[in-house]
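Work from the hints to combine the two standalone chains into their complex.
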Amino acid sequence: MNSTDMKDSAVKHLVLKDWRLNRMQIFLSMAAGVLALGVIQRGGETAFVVGGVWFFMSLILVGHMLPLVGILNERKKQNLAFLMSLPVSFLQYTTAKLLSTLGMFLIPWLTLVSAGLWLIESRGILPRGAIPMALILAFMPFVGFSLITGAVLVSESEGWGIAVNVACSSSYALVWYFLGKIPGLMSNAMAPSPVWNSAARNVLECEFGLVVAILGLTFYLQSKKKDFV
Amino acid sequence: MTDLAIELSGVGKEYRFFSLDKIHLQVPEGQIMGLIGPNGAGKSTTIRILMGLVHQDCGEVRVLGHSMPAGQVAAKWDIGFASEDMRLYDGLTLGWHMNFMRSIYPKWDAAYAQVLLKRFGLRQEQKIKGLSHGQRVKAMLLLVFARKPKLLVLDEPTTGLDPVARHEILRELTNVMADEGRSVLFSSHNTQDVEQISDQITFIDRGRIIDSMDKELYLDRWRRLRLEVPFGVQLPALPGIIGIRQDGRMAIVTANAFAPDLANAYERSGARVQRIENMTLEEIFVANVEHSREEVEV
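Listed in order, the protein sequences are those of chains A and B. Plus 327 on top of the position in the first sequence (first one is 1) and you've got our numbering. Plus 82 on top of the position in the second sequence (first one is 1) and you've got our numbering.
Chain B extracted, bound-state conformation (with noise of 0.2 Å):
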């Protein structure tokens, strides 16, 4: 049996205009999980229940064998944790902060938080006020690389930032996550960064996991199907078909259960497979939320 760096069983917390629907989410030791979802998704109540911050009405928490939010401290020492709207002191300088993590961190590494600072192009005598918001977030997530941690949990670290920044950020994850023994959590509403970088993908709308699995798993099962439909012809209800667009003669068929029979079920019924599509991650996020919204209507 895999070891779980995270695992949520039946979480639910109450708001007066937003709740969470026991989740369940399980992230092995090792891999990278992306948590997409659209804004107000739940991605940072569920990141704060796992982080002990908030704390559950219902289901279970562990991270890193620790029950949440008893154990948080334990737990807390091994993971890194970086939120968008977290920030540091802005009187005071980089080296300040790093020093400050040194000093509570055992396992801090001062060479490589002095490879990241040259890396990320920053300096140890700036002030936090000086920076703008891209060097912002690297000096935030050098805080964190540099401490160690078995789990990182990112909440949207990419969140406004210029494509330059975003791609050193990312590319220093990918490099961060050459220790296979580190599992991370990024949550984010950009599927395209998700994709470059993870393992697995969940997506989570109005508080409810709407899917869970391996990233080529979703790339290989949803297919964008372009039909021809005859006058006269019907199509038929197929398993793994969540959606269907028919203008005149021409039908979009959105499968997320693909498998070749699919195409030879529908030339059966009369119709004329024109192009069988790949969807992006953007494209099957998309689809998967109004699909679940569609059910969730009826």
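If we strip away everything but chain A, and leave its shape as in the complex, we get (with noise of 0.2 Å):
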């Protein structure tokens, strides 16, 4: 084996390790997602209220606790040490780190939505101009999650992560208010079909912009850092 196999195989092994290690929460989480959607589908408005804001909190979530687990404990419970005496560069951990936590939370992010989508789009939950907004709304969980991530890779401090956490938390609802004062976005929810105007496509576009301008910082911090453990 040459040591470039050697070197791939170390950051797969790692990112399954993560995977072997969150497997539970992940598939918690789904399950918490789809008995929300569950709820929703029993129609009426007690119903779409109590599924919709339990729909949304397993998204916050399995964003919010994946890195706090999966990153700040290996740290805090002093298996990184352990991690970084396998043949591994504090880069390749990083990218291994990303990589895992990205694809845990991608998996119950995409199921999720994809099942929530589906229902307006099939069984009419809610009329389909609501699916630019759902999108918008589903997308700010993903940048918590990314916010999240990067502030416990970077900080390496439980504080910055349950501070990050807390302000993420208490944001979703503010960041949904200005949403709602943006023209042409919620005016258009209850149209008969989806309206895919600038400012829908803009917002997207913003939390698009946002996961891949933090994921990408945390990255570059993480290449200039000089002490690891």
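Among these hints, one or two may not hold up.
[Said to hold, decoys possible] Calculated lysine-lysine pairs in the BS3-like style (CA-CA distance at most 27 Å, straight line):
no.	chain 1	residue 1	chain 2	residue 2
1	A	K339	B	K211
2	A	K552	B	K211
3	A	K344	B	K104
4	B	K209	A	K339
5	A	K344	B	K209
6	B	K104	A	K551
7	B	K211	A	K403
8	B	K230	B	K211
Simulated from the structure, these hints should not be mistaken for lab results. Bear in mind that the values here come from a model prediction, so they are computed numbers and not experimental data.
This is the structure in structure tokens:
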């Protein structure tokens, strides 16, 4: 086996290890999201509100808990020193961590968001015009996930992790409020078909850009570090 | 020229309250180097630098021929590193950790791992959280030894262990060293452990390497002389003497380059040499540190 194969396999095994350690969390968050969608599908205003909040909470939960548990705990419980004794550099560790955490978040996120959109599209739980807004809202926990992942990786601090977690959790309602003020966004939510106007596109692009920028900045800052353990 | 497993040249690292002072350290292949220093001396910083976990501010680090930190991935395939502050995953079994290591290291020796399991009294099905401190250290060392590394770097592995567990681990370390091509850097503040297994000793204190040489040379060169000094006799300043403590007519002289001539010189000055004592490594370590600190203060 040459050194490149060895290097790749070490990174791969770090990713697989994270999946093994967090699979229950992924499963539970998906189960919670699916149950929430089940509640929404029962029909009625109460079921819709309870299910909708529950669904959004399950996305937030998986997005916030994964980096806190998977990254911070590893440092707090002194497993990081063990991992860094393996043939990986700190940048490779960061790559493995970003890949595994992102992958572990994307599986429930994509599954639940797709299921939610399918319910709107095929079961009519909401007018189809709500699809752009639903996507925008679903992207918010993704931004929160990226922020918390970046914060715990770069700061290596439980305090910062909790602070960013609290800040993100408490800003969702605020962001929601400001999104409602954007002309052409909420007004089209009850339309019979999705309206992909510039407002909707800009907000989605902004959210996606934030995710990419935060994860890129995280990688850059990690590459500048000189002390790791 | 002997190949070096570890070579540190002028390596420095500056922290707010501690600095590593351009240290030089060499560990030849096949040798066991004991790195002894008090708490906070810089042992762990030195080890983290040579593992590539902390980047030096200045100086060159080469480990198994690889320049560090740039070559750390290639170097770490052949390094078995265990430190006192390293922990396995609490919720997983020792067997899971063994499989994890086996999946990464092509040289993993499954048969030897089974032998170590028996020797250390461990079971694969045990979860790490159910193990005692001593068992956790043994589990960690099992994972390190069974990957058959060319270089072992052990940072205070015996800290906090009971005497029986310490003995078991040191015995296994001696067995591992039967492979003469293998090199070891073993840090500890417990001089007994280091004395038991090391070929060479390096003393480190306050970020400075204060002495480094063959263990037998230390034990040969260092002596304590008990002298009776009659009233009016002045002890001469002699080379190789690093400390004199005098209380009335009795004086204790510490020599770091003892030769029989030294005793004769004191006799000639009018003092009477009552006894010449060998020193333990711990006594040598303490005397060395005290002498080095006095020199720095002067």
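Query raised in the report: Against which earlier hints does the structure fall short, listed by number upward?
Result: 2 and 3
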